[in-house]
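**Q** Read off the chains here:
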Amino acid sequence: MAKLIAAAKAEGKLNVIALPPTWANYGNIIKDFTKKYGITVNSANPDGSSQDEVDAVKSENGTSKAPDVLDVGMAVALVSTSLFAPYKVSTWADIPAAQKDPAGLWYQDYGGYMSIGYNSAKFGTITSVSQLLGSKFKNAVALNGNPTEANAALNGVMMSNLAEGGTASSIAKGVAFFHKLKQVGNFNPVQATEATIKTGATPVVINWDYLNTATAVGQGSTWKVVVPSNAILGGYYAQAINKNAPDPAAARLWEEFLYSQAATGGQNLWLQGGARPVEMTAMTSAGTIDKMAAEALPPVSGTPVFLTPAQATGAATYLSANWAKAVS
Amino acid sequence: MAAVAATNTTGARPERAGRRPPLAWLGTVPFLGYVGVFLLLPTAIVIWNSVRNTTGGFAFANLKVLGNSAVRTYFVGSVELSALSAVIGAVLGAILAYAIAAGNPDGIVRRISLAGSGVLAQFGGVTLAFAFFAALGPTSGFLLHASWYYDFPGGITLIYAYFQIPLMVLVFLPAVDGLKVQWREASESLGGSAWHYWRYVGGPLLAPAFIGATLLLFANALSAYATIQAWENQIAYTVPQQIYIAINSEVGLSNVNYADVLALGMVVLVAIIMTGYALLQRRAARWLR
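Protein chains in written order, with our numbering: chain A, 1 to 328; chain B, 1001 to 1289.
Everything labelled a hint here was simulated from the structure, so no lab data went into it.
A quick note: this is a predicted structure, and the numbers were derived from the prediction, not measured.
Watch out, some of these pointers could steer you wrong.
Claimed, not checked - Chain A residues, not near chain B, derived (Cβ > 12 Å throughout):
#, residue
1, Ala10
2, Ser120
3, Asn144
4, Ala168
5, Lys182
6, Tyr236
7, Ala324
8, Lys325
Stated by the list, open to error - Label pairs and their computed distance ranges (CB to CB):
#, chain 1, residue 1, chain 2, residue 2, range
9, B, Gly1118, A, Gly124, 38 to 44 Å
10, A, Ser170, B, Phe1123, 42 to 48 Å
11, B, Leu1092, A, Ser128, 43 to 49 Å
12, A, Gly165, B, Ser1069, 41 to 47 Å
13, A, Ser82, B, Val1087, 49 to 55 Å
14, B, Leu1092, A, Ser130, 43 to 49 Å
15, B, Ala1044, A, Ile5, 47 to 53 Å
16, A, Ala321, B, Val1126, 28 to 34 Å
17, B, Ala1044, A, Gly124, 57 to 63 Å
18, A, Gly124, B, Val1270, 48 to 54 Å
Think of the CB as a built atom: it goes at the ideal place given N, C-alpha and C, for glycine as much as any other residue.
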């Protein structure tokens, strides 16, 4: 570890990509990493998508600007393994087996559940997806992007699908739900951001719970986040190291920092941003988890559904043919 | 754009034309270079990539997606939005241009309208969409629960009209200014009514400029992307929005070659429009000789 730190310090910099400062507490994680090791973090294209990250690895390959580390959705991770260098962090054993590549090409980092974030002062208490069809939700319900493009939006439709009695293998009922939502005039097609929530332009947002809770900061106590009990849909992102990383030691040190279970380590920092770190179960039994942050998460009761790659692809294929038709 | 305002003089060449210095073509190099790098090369790349697959082999079957019903809706959406906003912009802009031309040529109204049009014609993208959103959107208080704001193409056409009308004023005013008062007087002294004047003199004279300007507005709307994307981004109504998805999709639908096929469709669409414009222009130009 000491050798890794020395090598990383000699490189002096780390290139990261597509890490929005308000996403899963990345603003503070980057700041703390720099403070701890004195390594400059160059954060490129913070609002980029997972696909943008992989594209940048290819297009900037061999330059000193190429991304060192990636934080990508599973759909992108699984088809891009030829770009990754295997690495196993020192807390490797605490990552559940289903959530990592056996060779260490990718390893899930944090995740959460699909949730409904809403202004409780305006709408009272929301407990289920079907409530959103009510007349008080005129122009209110927004997704986080276009489901044929953004993973969070696809999962938002999938959550509605589960709530409407659909299965993970067919997203048709979710699309039908949004068709109904559009017909009654409750669908709001504007991109939900912190600003649109603040101004009340998107008073109900279907998004990952950690993104919905992050936007709650500064909203006062009226912004509530609920994971519907009949539609618990989980999703995790994954870390990977670029095999041609310009700063290979800093890249590995970054991973060690992210998977550190210390009170000031990455796992607890993610948790403080509302995301559930992948080593949470192990940390809870070891007592290293930040209890206050853990209790602040929206409660989840029931068995969560995780999409398999085939189910995610099936949903995307169905959406590409039917989404625009259903909601326009 | 130049074609709109230009009055094509096809007079005889000056006599010295034959003894032009042999290096005169050098002057066109920057222009040809520019056109080559920024127009011909990208077009060639689009065509080349649209018939290849992700592994680099040829795949002419790619082009079949243009017949796909989902893809057709993107093109229909693009054409619908562009045509509607171009016609609204052209008609209202032409009326405004005529009103401006009828006023005092050195007056303050004309100067303000022209300066204003110059600024507003360039106002677009996220800022414009946000301005409308704040003023008319569902939360503005003005039109609370105004779901029509998100109707396609109604709501977005309203936003596009905001820059289409002033653009029409800018490109159409020179043509209206070209109408001489004497022509109207001649028509009247021969007993012509206002209808006769517009039917046989003013209309035919302005028609090429009007149609040309409308096509310019159409192309302007066709290629617009940032404004509609800021207006809403959860549904792809137009081809540029779908090209974005084809490039950026993180749910496994990204396919650069598919994006190139869509872009090729846009190129063909513009080529058809420009050919139609050239034919019209050739026919209309007879009036101007």
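**Q** Hints first: check each against the structure and report whether it holds.
**A** Outcome of the hint check:
{"no.": "1", "hint": "Ala10", "in the structure": "34 Å, holds"}
{"no.": "2", "hint": "Ser120", "in the structure": "17 Å, holds"}
{"no.": "3", "hint": "Asn144", "in the structure": "9 Å, violated"}
{"no.": "4", "hint": "Ala168", "in the structure": "14 Å, holds"}
{"no.": "5", "hint": "Lys182", "in the structure": "9 Å, violated"}
{"no.": "6", "hint": "Tyr236", "in the structure": "14 Å, holds"}
{"no.": "7", "hint": "Ala324", "in the structure": "6 Å, violated"}
{"no.": "8", "hint": "Lys325", "in the structure": "7 Å, violated"}
{"no.": "9", "hint": "B:Gly1118 with A:Gly124: 38 to 44 Å", "in the structure": "50 Å, violated"}
{"no.": "10", "hint": "A:Ser170 with B:Phe1123: 42 to 48 Å", "in the structure": "45 Å, holds"}
{"no.": "11", "hint": "B:Leu1092 with A:Ser128: 43 to 49 Å", "in the structure": "48 Å, holds"}
{"no.": "12", "hint": "A:Gly165 with B:Ser1069: 41 to 47 Å", "in the structure": "28 Å, violated"}
{"no.": "13", "hint": "A:Ser82 with B:Val1087: 49 to 55 Å", "in the structure": "51 Å, holds"}
{"no.": "14", "hint": "B:Leu1092 with A:Ser130: 43 to 49 Å", "in the structure": "45 Å, holds"}
{"no.": "15", "hint": "B:Ala1044 with A:Ile5: 47 to 53 Å", "in the structure": "51 Å, holds"}
{"no.": "16", "hint": "A:Ala321 with B:Val1126: 28 to 34 Å", "in the structure": "30 Å, holds"}
{"no.": "17", "hint": "B:Ala1044 with A:Gly124: 57 to 63 Å", "in the structure": "59 Å, holds"}
{"no.": "18", "hint": "A:Gly124 with B:Val1270: 48 to 54 Å", "in the structure": "52 Å, holds"}
Checked against the numbered hints given earlier, this structure breaks hints 3, 5, 7, 8, 9, 12; the rest are met.
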